[in-house]
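Asker: Here are the chains, one letter per residue:
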Amino acid sequence: MATVLFYILSAIALTATLLCVTRRNPVHAIIYLVHAFFALALLFYVLGAPLVAAWEVIIYAGAIMVLFMFIIMMLELAPSQELQGLVWSRLLPVVLLSLTVLGATFAIIAFDPGGVDGIPVYFATPRDFGYTLFKEYALAVEVVSFQLLFAAVGGYYVGRTDKKKGGRK
Amino acid sequence: MVTLTIDNQSITVPKGTTVLDAAEKLGIVVPHFCYHEALGAVGACRLCAVYIETEQSKGVQMSCLVEAAEGMVVNTLEPTAVELRQHVIEWLMTNHPHDCPVCDEGGECQLQDMTIAGGQSIRRYRGKKRTYSNQELGPFIEQEMNRCIQCYRCVRTYRDYFGGTDFGVMGSRNRVFFGRFEPGRLESPFSGNLADVCPTGVFTDKTYRFKSRYWDLQEAESICPHCSLGCATIPGGRYRELQRVRSGTSKEVNGHFICDRGRFGYGYVNHPDRLRVPRINGEECDRHEALAAINDKIEKLGGEAVGFLGSSRTALETNAMIKSWAEQSGSKSVCFECHPQRDNAARSWVALRGDRGRSLADIRRSDFILLLGSDPLNEAPMLAAAIRQAESSGSQVAVIDARPVKLPFKAAHLVVRPEKLSTIIRALKSGAFDNFERHEQLFFEGVLKSIKKAERPILVGGGDLLQAEGVAALCELMAQLPEAGGDFVHLSGPNSYGAAMLSGAAPDFETILDDIITGKIRALVCVESDPFADYPDRKRLQEALSKLEFLVVADYINGPAAAKADIFLPTAAPAESAGTYINCEGRMQRFKPVLKPGEPLRITGDGGHPPRRFSHETPGDQPRSAAEFIANLVGQPVTINDLRQQIAADDDRFSGLDQPEQGMLCRANGELPTTVNREDVPGKGDDLLHLLPVADLFGSGPLLSYCSALDAVRSAPCVVLSESDAASIGVANGENVSLQTAEGKLAVEVRIDAKALPGLVLIPQTGADAFLPGGVMIPCSIRKNGARDE
Amino acid sequence: MNDILITLLIIIIKLGLIFAVVLTMAAYLVLAERKILARMQLRYGPNRVGPFGMFQPVADLIKMLTKEDVCPAGADKYLFLFAPGLAAVTALMSLAVVPFGPTIEIFGQQVPQVVCDLNIGVLYFLGLSSLAVYGIALGGWASNSKYALLASIRGLAQLISYELSMGLAVVPIIMAARSFSLTDIVMAQESLPFVLIYPETFLIFFVSVAAESKRIPFDLPEAENELVAGFHTEYSGMRFGLFFVGEYINMIILGSMTTIFFLGGWHGPLLPPIFWFLFKVLGVAFVFIWMRGTMPRFRYDQLMHFGWKVLMPIALLDVVVRGGFMVWSLGG
Amino acid sequence: MRDLWRDIKGTLEPFWVTLSYIFKKPVTIQYPEQKRTPYSRYRARIVLTRDPDGGERCVACYLCSAACPVDCISMQAAEDENGRRYAAWFRINFSRCIFCGLCAEACPTMAIQMTPDYEICNRDLLNLVHEKEDLLIDDGGKDNEYNFYRHAGIGVVNPRGGNEDETEPEDVKSLLP
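Protein chains in written order, with the working numbering: chain A, 418 to 586; chain B, 65 to 854; chain C, 12 to 343; chain D, 234 to 410.
Because the hints were derived from the structure by calculation, they are not lab data.
Since we're looking at a predicted model, the values are computed, not measured.
A few of these clues could be false.
[Unchecked claim] Calculated pairs, DSBU-like style, for lysine-lysine (alpha carbon to alpha carbon, straight line, at most 30 Å):
{"hint": "1", "chain 1": "B", "residue 1": "315", "chain 2": "B", "residue 2": "474"}
{"hint": "2", "chain 1": "B", "residue 1": "584", "chain 2": "B", "residue 2": "603"}
{"hint": "3", "chain 1": "D", "residue 1": "375", "chain 2": "B", "residue 2": "192"}
{"hint": "4", "chain 1": "B", "residue 1": "584", "chain 2": "B", "residue 2": "396"}
{"hint": "5", "chain 1": "D", "residue 1": "365", "chain 2": "B", "residue 2": "660"}
{"hint": "6", "chain 1": "B", "residue 1": "193", "chain 2": "D", "residue 2": "375"}
{"hint": "7", "chain 1": "B", "residue 1": "270", "chain 2": "D", "residue 2": "406"}
{"hint": "8", "chain 1": "B", "residue 1": "364", "chain 2": "B", "residue 2": "513"}
{"hint": "9", "chain 1": "B", "residue 1": "513", "chain 2": "B", "residue 2": "819"}
{"hint": "10", "chain 1": "B", "residue 1": "611", "chain 2": "B", "residue 2": "660"}
{"hint": "11", "chain 1": "C", "residue 1": "157", "chain 2": "C", "residue 2": "74"}
{"hint": "12", "chain 1": "B", "residue 1": "628", "chain 2": "B", "residue 2": "396"}
{"hint": "13", "chain 1": "B", "residue 1": "513", "chain 2": "B", "residue 2": "484"}
{"hint": "14", "chain 1": "D", "residue 1": "406", "chain 2": "B", "residue 2": "192"}
{"hint": "15", "chain 1": "D", "residue 1": "268", "chain 2": "C", "residue 2": "74"}
{"hint": "16", "chain 1": "D", "residue 1": "268", "chain 2": "D", "residue 2": "375"}
{"hint": "17", "chain 1": "B", "residue 1": "270", "chain 2": "B", "residue 2": "660"}
{"hint": "18", "chain 1": "D", "residue 1": "258", "chain 2": "D", "residue 2": "268"}
{"hint": "19", "chain 1": "B", "residue 1": "611", "chain 2": "B", "residue 2": "584"}
{"hint": "20", "chain 1": "C", "residue 1": "157", "chain 2": "C", "residue 2": "88"}
{"hint": "21", "chain 1": "B", "residue 1": "270", "chain 2": "B", "residue 2": "470"}
{"hint": "22", "chain 1": "C", "residue 1": "320", "chain 2": "D", "residue 2": "242"}
{"hint": "23", "chain 1": "B", "residue 1": "584", "chain 2": "B", "residue 2": "628"}
{"hint": "24", "chain 1": "D", "residue 1": "365", "chain 2": "B", "residue 2": "270"}
{"hint": "25", "chain 1": "D", "residue 1": "406", "chain 2": "B", "residue 2": "193"}
[What the hints assert, rightly or not] Stretch by stretch, here's where chain A covers chain C in the computed footprint (C-beta under 8 Å, at least three residues):
{"hint": "26", "stretch": "122-134"}
{"hint": "27", "stretch": "144-150"}
Glycine included, each C-beta is placed from N, C-alpha and C at the ideal position.
Assemble the whole structure, with the sequences as input and the hints as a guide.
Answerer: Right, dumping it as structure tokens:
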């Protein structure tokens, strides 16, 4: 059951990502990316990490992509008209990436020709997750959170209104 | 140039400008009634008071009478001046009937504006109002004397400007009255201008009576289509009906006024018989069907077998489209005028005019005018008005013509036979008058002397009577004039000049007729032109056109050709479309659409209230401009602006056509017609009378017979005979005779004119009944009514 | 096999019941709002359809279903048709984790009064409420109308901003209940509702929830007098209806969440638990309506200022202080 | 600090006001059952009145149609055999009319007047397009005594110069000083 779901979800995620890359309309691209994230979140859930699944949706789909969309709407980006003729310099990253992916796939198949029987499922409760995060990696979490705090303070400083110049109270 | 200050703004104006004009240039409106740019200042209404603060003329002064001086300081808002203006308005209003709701001037009334602007909105005077009885002034002008404020503009226009004699000022003190001495029709052909100049509603346009208010009218700048002068007009329409025409302002052409023909001859647009639906063999159909049928047929016959006929009354753009249509379908038979003599005269004028063609404004300033074969009052009335301006400022006028030309001023007049005109002009050039009679010789010598004496002499010719030969001769004679002199030839249609420019050396209509008779041309396309009405030799035309397989007519009037057409396309009238006319001095003037095509509500509503149903379609909205039809036919949808650009690009003579500036002169340059004059002059015999159809003010021109407003002033069919001819036939003035020509018989009235030539019978084109194209003499005989035919 | 079938059957029955109850509640909430607002303004409100206007929601439904479905020219057709569905579905999906009462026993079956007692229920709710933004954003953008686009941008900014303080306000509750499961949170309030222990957290949460509901005084995305009707300007018929119904379901969800987090869920004396739950949810909904009848709309810059510079720092501070206090009281 | 207290009070007090209003009696008039009598100068259905002599007051001067901000009035002027100007047809489209009263204000002959009859709803738009027959009433309306033609001196009701504030027509050919 879980294996079937896994393949369906990964197919959805892959297709959505592919469509996201090929869309001319930025808003459509974002929608496909959100789809991909959603499928990814469900994958996490299926693989026994509900907390990661929830964070995936809340942070990536719910916050970051919304910000992207916000910016696209503000800038009113028209579908790009530039991509008329295919130039080699433009095709190069595509070719490189395709080669890498193909190579990786080939390597996986080569090293593990039989494949594993199903996918092992480890269920991680939020409690386990929290203990791991705040016990083993407490320092890293604190460093990152301080960075975020600095960023917040810095943002506030940059965005302050100059009272002398008669900004709003 | 002097510089003065008005209301704290300084402006530099030429010396001699009045303070009023200077203020107007600054955009400051000084109220005024009696002052009019064309009529000048008289200082009668006392309304244009301003305060002048500098020494030369300190105090409250009439701004229309004070010339601007260097360093003058003017205050238009000074309290004493404002108070004076306020009191003047209050006095003027003491006797006013206060009937604005039922007055046609309401909304465009200067008195209303000035009363409101003056700030005196209550009538304090409690005495009784003076009243008058009105006069019946004919079909054009309505009088309501109670509204008069005695500004004298009407008399100054009618008598002083246009030289009318049957209208004036009567009475004394508080009973000054403006009108005719006896009730009756105003005789001057410029009477309509009274409605324009009257600042209140004393004189209003009777044909427009109670139809609309000014603010409801759709108006657009336009050009008069009735003669070749190209006067600026402003037609106004409402409820899909063209309701009136008022004069536009064009400094170089008509100035501020237009003639009655242009003003009241607008009925053809609303004519109840006008066809507004395309027809195939008389059956109404959709316009796309009709267009497809035309294309099919032309394709089947092949381009060479099709003749294309434009006209001198259709827009330049349409004619250009016809030309490119013909080129595209491979036809060489294109012609833009179905009256060959007129066509050739126009082409000669275009080819030979050179760069000394003069405008009406030049004529108003000239000091000697020689009219050759031109009857301005009947052919191009505003020309007569222009000559009248020159005459009243001291110019002399001489007329050499076949007709007893009547003019609203004094002029030396010589009557000669029309075919002799070109000989005379050549003789004037060479100075050898041996072949002429004594009194003619004396006249010519006097003319030559005056020309020599004059600084700015102008030769004015009429294309109809002079024809190609005479026009050529006139252009030769012009070379002998002093540098400031020039020539001016008026043609037949509003766009004759443009049509002639487009024709170049192409074959004229005679050649096309020849080809039809020999069977080379089997189809004819007539766009806003009607050979049945305009071609002089009806017999020949009948013979030719009976051989046609296919006749397409596109027109906005229901002329004789429309009934005979295999396919009829209703086109938009000039008031319903945009286009360009080139007037007889080569001036490209644009007209804009006033209305969209559609059957007037007055007709569809049948006088009652308009229909109570919803519909997406407007009744009678099928007509399109001829240019648009042809664009559809040749498959290139073009807007009028694209079309103008294309024409200007194709032919550098028309450069400037696409530019926003109005009234640019096009480059005079054309080709002489290849065929001139067939057997024109009919065989001479002593006993033979020659009938010459001549223009009539309200009768000639293809559009005028469709204007019902003119019915009342069109005279009954008549012939003008010399005294000796009348004596030999034995008729008296006013008697009925029967006129017999090869065309048929007509019962007409006789008018005997002392100045008419023996042997020449003139028949004025007085409307549909006597609709003879003119320009060609026809042998005829006249019998006293009752006398038996053999 | 039988067990699975029975479980499935129970889930389906529960789903059906919840849908029926919640949709009817949403419809009558519209009527209640109109009536209450009318009375606050000395009017009667809808009173023509049925006794006291009781059938007004039915009439509204018929009207919306029979109206023409307009898709504006130049709109992004598929997204335009998709957005209202998204708005309604994300609202409905949140219901899956709402516990309406304690587990009861029917025919020997232990039936929890919740569709799915997810162990990360709180996060599920937060995730779905963050997805709800897409309904507005896409609806406004796809309409190809300037008003709708402006409303979308406003809506996006507002929802992201207040989601933050809403999420932060839940943190002390989670800390106190030591669980992400909504049922556990309710169970933790058996003796005392959290609102009495965490009144300031409740205020922060309530204000954020009001902002999330896009209702007055936070109705900037559909400000009638500035943006015509905001993101649903171009919608008509039942598509507008979906947006509309989504808003009221959202109100019920947010009311439920307030009840669960702070008001003690289904706990209450005498009456059966489900009544207490409904009673509390309706109470919160009444307060929402009351607010609409009383307060004026925020200006956009005031809204942003309040969200980021007042509410968010206070919520952060609250988390730190309450967390510190908890650690101290535990003696850790 | 006092500001904060003021703000809190200012925020909470209105809640009490709105809550207390719920229990007051609504002021709404339940229209089809209860009807209010409008004041006599209420601006509703437009009529065309007649002068005291029974003639149509409207002279089709187009001022009302010019004043109308929604262009719901149209007409065509015509002249009868007495020289009297009247409306050949006159139409008010009440489905467009906003009852602003500018037409009645603009009317120089007091022909167009507004009445308090406000119940003119109709299911068919065309029934709201009123023609002259529908608009004309047999009364002078609010200013019963006024007759425009008795004051405007163009000789329609009375012979020329026959109105009370006019002298006899001048004899312009008279030679008397």
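Asker: Hints first: check each against the structure and report whether it holds.
Answerer: Do the hints match the structure? See the list:
1. A distance of roughly 25 Å separates the Cα atoms of residue 315 of chain B and residue 474 of chain B; the hinted pair therefore holds under the 30 Å criterion.
2. Among the hinted pairs, residue 584 of chain B with residue 603 of chain B is consistent with the structure: their alpha-carbon atoms are about 20 Å apart, no more than 30 Å.
3. For the proposed pair residue 375 of chain D and residue 192 of chain B, the alpha carbon gap of about 28 Å is at most 30 Å, so the pair holds.
4. Under the criterion of a C-alpha separation no larger than 30 Å, the hint pairing residue 584 of chain B with residue 396 of chain B is consistent with the structure, at around 11 Å.
5. Distance hint between residue 365 of chain D and residue 660 of chain B is fulfilled; the C-alpha atoms sit about 28 Å from each other, no more than 30 Å.
6. Restraint check for residue 193 of chain B and residue 375 of chain D: satisfied, since their Cα atoms lie roughly 28 Å apart, inside the 30 Å limit.
7. As the CA atoms of residue 270 of chain B and residue 406 of chain D are separated by approximately 26 Å, the hinted pair is consistent with the 30 Å bound.
8. As the CA atoms of residue 364 of chain B and residue 513 of chain B are separated by approximately 64 Å, the hinted pair breaks the 30 Å bound.
9. At most 30 Å may separate the alpha-carbon atoms for a hinted pair to count; residue 513 of chain B and residue 819 of chain B meet this at roughly 24 Å.
10. Of the pairs offered as hints, the one joining residue 611 of chain B and residue 660 of chain B is violated, with about 38 Å between alpha carbons and a cut-off of 30 Å exceeded.
11. Distance check on the hinted pair: residue 157 of chain C and residue 74 of chain C sit about 27 Å apart at the alpha-carbon level, within 30 Å; holds.
12. The suggested pairing of residue 628 of chain B with residue 396 of chain B holds, with an alpha-carbon distance near 24 Å, which does not exceed 30 Å.
13. About 21 Å separates the Cα atoms of residue 513 of chain B and residue 484 of chain B, which keeps this hinted pair within 30 Å; it holds.
14. Restraint check: the Cα-Cα separation between residue 406 of chain D and residue 192 of chain B comes to about 21 Å, which is no more than 30 Å; the hinted pair holds.
15. Annotation: proposed proximity of residue 268 of chain D to residue 74 of chain C holds, straight-line Cα distance about 28 Å (limit 30 Å).
16. This hinted pair checks out: residue 268 of chain D and residue 375 of chain D have alpha carbons roughly 24 Å apart, not beyond 30 Å.
17. Using a Cα cut-off of 30 Å, the hinted pair residue 270 of chain B and residue 660 of chain B holds, with the two alpha carbons roughly 25 Å apart.
18. A C-alpha spacing of about 18 Å is found between residue 258 of chain D and residue 268 of chain D, which places the hinted pair at or below 30 Å, so the restraint holds.
19. Under the criterion of a C-alpha separation no larger than 30 Å, the hint pairing residue 611 of chain B with residue 584 of chain B is consistent with the structure, at around 11 Å.
20. Between residue 157 of chain C and residue 88 of chain C the CA atoms are separated by roughly 17 Å; this keeps the pair inside 30 Å, and the hint holds.
21. At most 30 Å may separate the alpha-carbon atoms for a hinted pair to count; residue 270 of chain B and residue 470 of chain B meet this at roughly 27 Å.
22. In summary, the hint linking residue 320 of chain C to residue 242 of chain D is supported, as the alpha carbons are separated by about 22 Å, within the 30 Å threshold.
23. The suggested pairing of residue 584 of chain B with residue 628 of chain B holds, with an alpha-carbon distance near 21 Å, which does not exceed 30 Å.
24. Proximity of residue 365 of chain D to residue 270 of chain B is assessed by CA-CA distance (about 26 Å); at most 30 Å being required, the pair is judged to hold.
25. With a CA separation close to 19 Å, the supplied pair residue 406 of chain D and residue 193 of chain B stays within the 30 Å bound.
26. Evaluation of the coverage hint for the stretch 122-134 of chain C: fulfilled, as 4 residues show C-beta separations to chain A shorter than 8 Å, against a requirement of three.
27. With a threshold of 8 Å between beta carbons, the proposed coverage of the stretch 144-150 of chain C by chain A holds, since 4 of its residues qualify and at least three are required.
Checked against the numbered hints above, the structure breaks hints 8, 10 and satisfies the rest.
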